[in-house]
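Protein chains: 2
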Amino acid sequence: MNEQIQHFLDEIESHIKKIPLDCEPKALYQPVSYCLDKGGKRIRPLMTLLACDMFGGDVKQAIPPALGLELFHNFTLMHDDIMDNAPLRRNHPTVHEKWDANTAILSGDVLFALSCRYVSQVPGHLLRHVLDLFYQTVIEVCEGQQYDMDFESRHKVSANEYLEMIRLKTAVLPATCLQTGAIIAGATSEDQEKIYHFGELIGLAFQLRDDWLDVFGQIEEFGKQSGGDIIANKKTWLYIHALERGSEKQTRLLRDVYSDNYSASDTEKVRLVKNIYDDLGISGIAQNAMKAYYKQAFEYLASIDLPDERKEGLAQIANYLFNRKR
Amino acid sequence: MNEQIQHFLDEIESHIKKIPLDCEPKALYQPVSYCLDKGGKRIRPLMTLLACDMFGGDVKQAIPPALGLELFHNFTLMHDDIMDNAPLRRNHPTVHEKWDANTAILSGDVLFALSCRYVSQVPGHLLRHVLDLFYQTVIEVCEGQQYDMDFESRHKVSANEYLEMIRLKTAVLPATCLQTGAIIAGATSEDQEKIYHFGELIGLAFQLRDDWLDVFGQIEEFGKQSGGDIIANKKTWLYIHALERGSEKQTRLLRDVYSDNYSASDTEKVRLVKNIYDDLGISGIAQNAMKAYYKQAFEYLASIDLPDERKEGLAQIANYLFNRKR
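Those sequence lines, one after another, are chains B and S.
Heads up: take any position in the first sequence, counting from 1, add 107, and you land on our numbering.
Heads up: take any position in the second sequence, counting from 1, add 107, and you land on our numbering.
Check each hint, because a few of them may be wrong.
Copies of one chain are not kept apart here, so a pair can be met inside one copy or by any two copies together.
[Stated by the list, open to error] Straight-line Cα separation of at most 16 Å, EDC-like style, residue types lysine to aspartate or glutamate; simulated pairs:
| id | residue 1 | residue 2 |
| --- | --- | --- |
| 1 | LYS341 | ASP363 |
| 2 | LYS133 | ASP257 |
| 3 | LYS341 | ASP191 |
| 4 | LYS356 | ASP207 |
Just so you know, these hints were derived from the structure itself, not from any lab.
No experiment lies behind these values; they were computed from the predicted model shown.
Input sequences plus hints: build the corresponding full structure.
Right under this line is the structure:
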């Protein structure tokens with residue numbers, strides 16, 4: 108990690124610590140503190156600062172909206188974890204587990220409001236543009252989460268539908284983080300569009316890698332049980348592509364294993380699905396798809412008319428996300 | 108109801124109908140439509156238009172933020188109904204009952220995002236002011252809801268704590284609706300403050316009347332079971348004041364009746380509490396408190412340097428709220 112990135116991460120962390128959350132009523136604000144204290148990689152606000160800096164903007168001006176975008180991300184985690192009934196987040200009990208669902212709903216709501224407030228702390232002549240982008244993204248992220256939930260109960264989900272879902276749920280936010288930094292730096296709308304697409308493609312690749320790591324990542328490195336998505340019957344990129352490519356026998360088995368009345372052990376279930384993935388070469392296909400997204404993303408970055416050294420920070424972050432082991 | 112009010116209400120209704128909600132994913136947007144279609148009195152957006160008009164503003168400019176404030180109000184209902192486990196709202200099943208809690212969480216979130224978008228549709232030079240007020244109010248409303256939930260499990264709640272809770276949960280929103288209209292009309296900050304306090308006091312009186320009607324309203328007129336708050340062990344204004352004024356015997360009985368292991372029938376419970384209220388003259392005390400808020404509210408309205416006929420609409424709405432039977 109280069110010095111600039113480390114410096115920006117330190118800045119973000121120190122500003123997050125300064126967000127006044129020691130307020131009344133405690134039952135509302137403590138879960139917000141808890142959620143923010145548990146860390147996270149702070150990739151999204153980092154993207155805002157890096158993009159602002161790349162386009163020659165004043166990074167100080169980008170800090171409040173960067174924080175706002177990180178708060179928004181944490182709000183989505185708090186509410187998604189209720190909906191997904193997730194017990195753990197960043198190795199700690201989720202808010203609805205540690206407190207209860209009502210707490211997670213309302214603390215999430217106030218976190219959303221706080222995120223709006225921070226995002227709006229930009230110079231007046233940029234306020235409308237930043238907000239239009241932000242609200243549009245919030246709406247899209249909600250749509251993505253809804254599609255994700257819809258897909259759970261749907262028999263058939265196409266690869267394109269899956270892609271659109273993860274684009275909305277996962278990819279538009281990093282794209283928006285980057286564009287927000289670019290807006291603050293006064294980048295041209297052409298460059299804003301390019302950096303948005305760069306972020307969107309990195310986001311898609313990020314989610315694909317997430318799906319891939321769950322099955323093919325090294326357990327000790329990934330730090331969670333291999334095949335968690337399979338055990339939870341998640342229709343991931345891998346599963347959907349296996350269904351589209353498998354023989355009649357393989358697709359039947361994939362569907363059987365994912366049906367409610369399937370009774371084998373979790374280990375056996377993971378083994379069966381992984382075997383099919385291996386037979387169909389799904390790991391390689393997924394890796395190729397990721398590489399293609401990365402390639403396209405870097406083409407967008409390359410098309411921005413700035414010297415390469417200005418782009419180093421963002422390129423490094425993208426590579427880190429691409430090569431991460433967990 | 109005067110012609111102007113009817114005209115504004117028609118405007119609001121026709122604009123609400125035009126909000127594009129026939130979107131995908133349906134599972135996200137249908138509950139939003141459902142919630143908005145079930146009506147409501149539209150008092151809050153009406154207040155925005157009336158205030159804007161009173162201060163001589165262009166009412167057309169006030170319509171988008173007025174809609175946004177109504178959307179925000181509906182968002183709070185959707186989430187509060189989950190937290191309060193309410194089966195009915197406006198005589199129809201609540202969203203979490205008709206669908207499920209996850210749907211009500213996520214549709215609520217998107218409704219909140221939509222409300223932000225509408226509130227932000229104001230002339231550029233007013234955007235920051237309108238948003239600062241709005242976000243502050245959103246945060247306060249969340250705080251109010253949290254205090255309300257905290258009070259359920261607290262043994263002792265003082266009259267002042269209760270007032271502060273309803274101020275946050277109920278009164279700051281109408282106050283903000285009025286001030287938003289005033290901002291758009293270019294009212295002075297002094298006048299903005301006056302109209303804010305007018306709305307806040309009307310809001311307090313409104314909630315007191317709600318508490319009062321639940322026990323002393325005529326069943327056939329109020330349209331719901333008398334004493335619902337008592338049955339639900341709600342620490343209302345009436346209950347808290349009865350506790351503060353009752354003899355040792357009366358307060359012990361009030362606490363016993365509200366304890367979890369109290370076993371008499373609902374009718375008996377309501378009868379017992381109502382008897383104590385009657386013995387202590389709580390109905391009259393509550394009505395006097397309401398009147399005092401109204402008086403103070405109208406003093407704020409009177410202190411605004413405009414001819415009385417300009418204030419007629421708002422005065423009429425305030426009187427309607429004061430005299431409502433349900």
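So, going through the hints one by one against the coordinates:
1. LYS341 - ASP363: within (13 Å within a copy, 50 Å between copies)
2. LYS133 - ASP257: Between copies only: 10 Å across chains, 35 Å inside a chain, cut-off 16 Å.
3. LYS341 - ASP191: Cα proximity of LYS341 and ASP191: one copy only (11 Å, versus 32 Å across).
4. LYS356 - ASP207: neither (44 Å within a copy, 36 Å between copies)
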